[in-house]
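Taken in order, these protein sequences are the chains called A and B.
Under this note's numbering, the first residue of the first sequence is numbered 1, with each subsequent residue one higher.
Under this note's numbering, the first residue of the second sequence is numbered 288, with each subsequent residue one higher.
Some hints could be false.
[Unchecked claim] Each pair of labels, with its calculated beta carbon distance range:
1. A:154 - B:357: 55 to 61 Å
2. B:303 - A:266: 49 to 55 Å
3. A:181 - B:425: 22 to 28 Å
4. A:193 - B:415: 30 to 36 Å
5. A:262 - B:425: 54 to 60 Å
6. A:193 - B:312: 32 to 38 Å
7. A:181 - B:397: 28 to 34 Å
[What the hints assert, rightly or not] Derived list of chain A stretches under chain B, where covered just means 3 residues or more per stretch with a C-beta under 8 Å from a C-beta of chain B:
8. 185-193
9. 196-204
10. 273-285
Calculated directly from the structure, the hints in this document are not laboratory data.
These numbers come from a predicted model, not from an experiment.
In this text, a Cβ means the ideal position worked out from N, Cα and C, and glycines have one as well.
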Amino acid sequence: MKHALPVLTVLLAIVLAWYLAAVALNAPWAQDQAARAGTNLTPTALLHATMVQERPVLPAPHQVAKGLWDGIAGQKITSKRSLVWHAGITLSATLAGFAIGSLAGILLAVGIVHSRVMDLSVMPWAIASQTVPILAIAPMVIVVFASMGVTGLVPKAMISAWLSFFPVLVGMVKGLRTPDRMQMDLMRSWNASRAQMFWRLRLPSALPYLFTSLKVAIAAALVGTIVGELPAGATAGLGARLLSGSYYGQTIQIWAALFTAAALAAALVAIVGGIERVTLKHMGLAR
Amino acid sequence: MAVIEAQGVSLTFQTNDGPIHALKDVDLTIDKGDFVSFIGPSGCGKTTFLRTIAALETPTSGRIGVNGLGADEARRARAYGYVFQAPGLYPWRTISGNVSLPLEIMGFPKADREERIARVLDLVELSGFGGKFPWQLSGGMQQRASIARALAFDADILLMDEPFGALDEIVRDRLNAALLELWAKTGKTIGFVTHSIPEAVYLSTKIVVMSPRPGRITRIIESTLPRERPLEIRDTPEFIAIAQQVREGLREGHSYD
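With these hints in hand, go ahead and build the complete structure from the sequences.
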């Protein structure tokens, strides 16, 4: 309850500001229409007109809410107009990309920590890979895969993995390197093998860092998937929904898809956070 | 019988500011069951020498023999238990789990591990704390747990690098007395690095005074105190006389500067 009040206050302020912005942004079109029809709008009629447009510049919150409700509850889940169906498509590619990306990030980090050659050679390339604008790369990845006859989930998952491996790599390298000299010396004095050092010291030390990175990575994976759904006229997924919305000026549809994506990201991050809490608590790392 | 023999041990670190002579021509023999303290100002190489014995550093020249083996062979034969200034317990393992760690690495069977954990925790008076996590224990208790960990696998040499340096005087007194008791019970050979003259005199059978630039031994003092040492022994004239010798040794070292 103590936390609810500030959150609700902010939410209320946002909704209020949103309504005001909707009125301001949608009014010119309403006045334009009235002028063409040769009528004059009373302030109340103008206010009403800004709230019910079919393709408003900025849909009012209740319009987006209705769009969301229609998309989620108003359709059969298997329908192409169902947001749940689109979200499911996006989710599957996100999870696949997240799995590939995280695994790649962890394996590269293990290599970097254990091999000086990899330390010097991999990191610059990993950083370079993230400086390439994903929007530029995504269509090429889709096209290349399509030319090999691979479409659907896999190319999207690759773009998603491209974005999600990096935070895992950076966090995991940092985490695997946290054991200090003293702890390594202790292991040495017991004549521990490198594998024993890894499994019993480096890996457990790295877990808190890993979880933090995974939270960043899963959100990045969702962004990657949506970007992967934009080009080449994809017909399914939240990205496709955003794209078709913008083709046809369906602003309500765009906003509904945006909110679905945001809710999906929040849910995914929360799930990783939950696993983190349980794991660290089980390890005695959470107080 | 000599357990540790150092002959002409020198160690030079190459740094960007030129070579640092951490150790120069160090000769020392440590007998079985000795309690040897290394004392001297910072940079005198006492920690480096201890690390060299444990094969955590490799001497540039000279040789170190442990139980008739080379230092690194002895490390691989797990001849040392090493205790650092910080307890270095794994926060994700309980006290028992931490003591169990070297045993797991060395491949002791489970039943044997449990028996050993119980025995060494009893030795450092931590019975009943095995299920606690390190952060639930005080600093002194954590350090005792780290000593238990070093004792668990029955290495006959215990090397301690300022193990009580971070603890307050009162806790330190108690742990010193406990350490002597433990030494009497186990008969281990102990190498002990310290900054404190009373600590060195109270604990040791042999006090090695070292001085810096280059790190070397300036004086070796054989203690005449009996092995049985109540805390009050620190007020006896004999104790004060030995402390006086140590202080002189430290002063000698400084006159080289």
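Practice prompt. Closer than 8 Å, Cβ to Cβ, for at least three residues: run that test on the region 196-204 of chain A against chain B and report holds or violated.
Written response: holds (count 4)
Item to complete: Determine whether the Cβ-Cβ distance between residue 193 of chain A and residue 312 of chain B falls within the hinted range of 32 to 38 Å.
Response: About 35 Å separates the Cβ atoms of residue 193 of chain A and residue 312 of chain B, which means 32 to 38 Å holds.
Fill in: residue 154 of chain A paired with residue 357 of chain B, Cβ distance criterion 55 to 61 Å
holds, 57 Å
Discussion item. Is the listed coverage of the region 185-193 of chain A by chain B valid when you require three or more residues with a beta carbon under 8 Å from a beta carbon of that chain?
Written reply: Coverage by chain B holds for the region 185-193 of chain A (8 residues, Cβ < 8 Å).
Worksheet item: At the C-beta level, are residue 181 of chain A and residue 425 of chain B separated by a distance inside 22 to 28 Å?
Response: holds, 25 Å
Worksheet item: Should the hint that residue 181 of chain A and residue 397 of chain B are 28 to 34 Å apart at their CB atoms be regarded as holding?
Response: Roughly 31 Å apart at Cβ, these two residues keep to the hinted range, so it holds.
Worksheet item: Is it true that residue 262 of chain A and residue 425 of chain B lie within 54 to 60 Å of each other by Cβ?
Response: For residue 262 of chain A and residue 425 of chain B the Cβ distance comes to about 47 Å; the hint is violated.
Discussion item. If I claimed the Cβ atoms of residue 303 of chain B and residue 266 of chain A lie 49 to 55 Å apart, would that claim hold in this structure?
Written reply: holds, 50 Å
Worksheet entry | Verdict on chain B covering the region 273-285 of chain A, where coverage means 3 or more residues with a C-beta closer than 8 Å | holds (count 3)
Discussion item. Looking only at beta-carbon atoms, does the pair residue 193 of chain A, residue 415 of chain B fall within the given range of 30 to 36 Å?
Written reply: holds, 33 Å
Consistency with the previously given hints fails for number 5 only.
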